[in-house]
Amino acid sequence: MNQKARQLIFFVAGLIVSIGFDQWTKALAVAKLKGKEPFVLIDGVFEFYYSENRGAAFGIMQGKQILFFIITAAVLLVVILALVRMPASRRYLPLTACLFLLASGAVGNMIDRVSQGYVVDFLYFKLIDFPIFNVADCYVVIATFLLIILAFFVYSEEELSFLSSKKGRADSV
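The sequence shown maps to residues 0 to 172 in numbering that gives the first Met the number 0.
It should be emphasised that the hints constitute simulated quantities derived from the structure, not laboratory data.
Just to be clear, a hint being listed does not mean it is correct.
[Unchecked claim] Here are the in silico distance ranges between beta carbons for each label pair: (1) I79 / N1: 14 to 24 Å; (2) S155 / E36: 49 to 59 Å; (3) L80 / D128: 31 to 41 Å; (4) F144 / F20: 11 to 21 Å; (5) L76 / W23: 19 to 29 Å; (6) E157 / L80: 33 to 43 Å; (7) R89 / P37: 16 to 26 Å; (8) Q64 / G19: 36 to 46 Å; (9) P130 / F68: 18 to 28 Å.
A virtual CB, placed ideally from N, CA and C, is assigned to each residue, including glycine.
Whole structure, please, built from the sequences with the hints as guidance.
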């Protein structure tokens, strides 16, 4: 089995585990928090607080379900294209990890939107009154932050040329 095939197997296995973890935490939130008072972990700082989010990350754009489906499909298409074009090299493992987190978060929240019409959120930083969020949101935020770091400080423009040119396809086969 070549390196590209191994990477794909690990990517898919990781997706299953990370999405499963996200869904498990949301099911736990429904079972333990829905209809109840928030569970205070650190008084005045952090609590588990059940919320049904009909918007995007952190509650923005409430009720725009069709737009979320389109955005999620576009994100997943970009992730798949990047993985297909990406050279099979250890140099790109950090980028692969970011794409993995991004896809995990997108799919985790999409499962909720399709099955329930809303996303279950339950993590709340009360100290700064930060919007309530979930594990999938964490995946997306971490991936986005790391992608910015990688793009500006780790990879050269030439190393990322596979994203915009046909040259990357030949290198990845």
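Per the hint of 33 to 43 Å, is the separation of the Cβ atoms of E157 and L80 within bounds? 19 Å, violated
Range first: 16 to 26 Å. Now tell me if the beta carbons of R89 and P37 are that far apart. For R89 and P37 the Cβ distance comes to about 44 Å; the hint is violated.
Can you tell me whether the CB distance of Q64 to G19 sits inside 36 to 46 Å? 24 Å, violated
Using the beta carbons of S155 and E36, state whether their distance is inside 49 to 59 Å or not. 52 Å, holds
Could you see if the CB distance from L76 to W23 stays within 19 to 29 Å? Hint holds: Cβ distance 27 Å, inside 19 to 29 Å.
Take a look at whether the Cβ-Cβ distance between P130 and F68 falls inside 18 to 28 Å. 21 Å, holds
Do I79 and N1 keep their Cβ atoms within the hinted range of 14 to 24 Å? Cβ of I79 to Cβ of N1: about 18 Å, so the range 14 to 24 Å holds.
Given a hint of 11 to 21 Å, does the C-beta separation of F144 and F20 actually sit inside it? Taking Cβ atoms as reference, F144 and F20 lie about 20 Å apart, which means the hint holds.
CB-CB spacing for D128 and L80 relative to the 31 to 41 Å hint: Once the Cβ atoms are compared, 38 Å apart, the range 31 to 41 Å for D128 and L80 holds.
In this structure, the hints that do not hold are numbers 6, 7, 8, in rising order.
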